[in-house]
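Just need the whole structure built from these sequences, with the hints factored in.
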Amino acid sequence: MATGDGPVTEICRITLKPNVDIAEESKDFKIWREALDTVASQDGFVKSYYGTQLEAKNEVVWCIDWTSISAHRAFEASSAYQLFKEKLGVIMEDVIVFHINQISKPLPSPAVIEIATFYGTDEVFIHGLGEFKKAVENLKEVPRGYLSWMDWGSSFEMIRKGGDGEKGEGEKGTAVVLMLAWRSMEDHMAFRDTEDFKSVIGYLREGTTGAEMMRNKKRC
Numbered sequence: 095m096a097t098g099d100g101p102v103t104e105i106c107r108i109t110l111k112p113n114v115d116i117a118e119e120s121k122d123f124k125i126w127r128e129a130l131d132t133v134a135s136q137d138g139f140v141k142s143y144y145g146t147q148l149e150a151k152n153e154v155v156w157c158i159d160w161t162s163i164s165a166h167r168a169f170e171a172s173s174a175y176q177l178f179k180e181k182l183g184v185i186m187e188d189v190i191v192f193h194i195n196q197i198s199k200p201l202p203s204p205a206v207i208e209i210a211t212f213y214g215t216d217e218v219f220i221h222g223l224g225e226f227k228k229a230v231e232n233l234k235e236v237p238r239g240y241l242s243w244m245d246w247g248s249s250f251e252m253i254r255k256g257g258d259g260e261k262g263e264g265e266k267g268t269a270v271v272l273m274l275a276w277r278s279m280e281d282h283m284a285f286r287d288t289e290d291f292k293s294v295i296g297y298l299r300e301g302t303t304g305a306e307m308m309r310n311k312k313r314c
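Numbering-wise (our numbering), the sequence shown opens with residue 95 and increments by one.
The set of hints was computed from the structure by calculation and includes no laboratory data.
Keep in mind it's a predicted model, so treat the numbers as computed, not measured.
For every residue, glycine included, the Cβ atom is placed at its ideal position computed from N, Cα and C.
Don't take each hint at face value.
For lysine-lysine, the following DSS-like pairs were computed, each having C-alpha atoms within a straight-line distance of at most 27 angstroms [what the hints assert, rightly or not]:
| id | residue 1 | residue 2 |
| --- | --- | --- |
| 1 | K261 | K111 |
| 2 | K292 | K227 |
| 3 | K311 | K141 |
| 4 | K111 | K227 |
| 5 | K151 | K179 |
| 6 | K121 | K312 |
| 7 | K121 | K111 |
| 8 | K292 | K311 |
| 9 | K199 | K121 |
| 10 | K228 | K311 |
| 11 | K292 | K234 |
| 12 | K311 | K227 |
| 13 | K121 | K179 |
| 14 | K151 | K234 |
| 15 | K141 | K111 |
Restraint ranges, calculated between C-beta atoms of paired labels, are given here [claimed, not checked]:
| id | residue 1 | residue 2 | range |
| --- | --- | --- | --- |
| 16 | G100 | K227 | 17 to 25 angstroms |
| 17 | S120 | G98 | 33 to 41 angstroms |
| 18 | W243 | V189 | 24 to 32 angstroms |
Pasting the structure below:
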């Protein structure tokens, strides 16, 4: 589990209400834009980016970089936060929030971001993650459409898949979030069918109680 009060990335996994659409041309985008602007005006804010899941249009991942968890907590304690929550509540059905070590590498844009979350991780998994990265970098051919290894981070909180509510699964533990950038979802899916993928994915299957993967079209 990550510790300290250095730079963090806040991971917000948002479930939108039925029929809500936050595309820029939609009527709901004004509420979403106000939320983005409110966060961007806070002390300690660095940058943010988000994307709607390509597999589930009502699921959004919003990543917010802060100078520290303390900066985010200060926003939560401010008078602006209650109004922020109320406005988002108009379009939001549920949210899971946690923090990881800041994803610091540049994000290609436009890109499809593969976000893999591994739950209940331990030192065996962290070692395997390092071996996975080396194996990917040492492939004889760069996978078609693969843009970059972005970064990964361990959670500061103990969390479980699906959050603390009725949808939650398993015991709480340290989560690891891994992000990779692809040109398209089709390129990523094609790589998963290759022998190269089969030769490296085993490194990520030990030292974790489970995982889930999603793909988002990155927006700022």
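Hint-by-hint comparison with the structure:
no.: 1; hint: K261 x K111; in the structure: holds, 16 angstroms
no.: 2; hint: K292 x K227; in the structure: holds, 14 angstroms
no.: 3; hint: K311 x K141; in the structure: holds, 17 angstroms
no.: 4; hint: K111 x K227; in the structure: violated, 37 angstroms
no.: 5; hint: K151 x K179; in the structure: holds, 21 angstroms
no.: 6; hint: K121 x K312; in the structure: holds, 20 angstroms
no.: 7; hint: K121 x K111; in the structure: holds, 14 angstroms
no.: 8; hint: K292 x K311; in the structure: holds, 25 angstroms
no.: 9; hint: K199 x K121; in the structure: violated, 33 angstroms
no.: 10; hint: K228 x K311; in the structure: holds, 26 angstroms
no.: 11; hint: K292 x K234; in the structure: holds, 14 angstroms
no.: 12; hint: K311 x K227; in the structure: holds, 23 angstroms
no.: 13; hint: K121 x K179; in the structure: holds, 19 angstroms
no.: 14; hint: K151 x K234; in the structure: violated, 35 angstroms
no.: 15; hint: K141 x K111; in the structure: holds, 26 angstroms
no.: 16; hint: G100 x K227: 17 to 25 angstroms; in the structure: holds, 22 angstroms
no.: 17; hint: S120 x G98: 33 to 41 angstroms; in the structure: holds, 39 angstroms
no.: 18; hint: W243 x V189: 24 to 32 angstroms; in the structure: holds, 28 angstroms
Violated hints, in rising order: 4, 9 and 14; the structure is consistent with all others.
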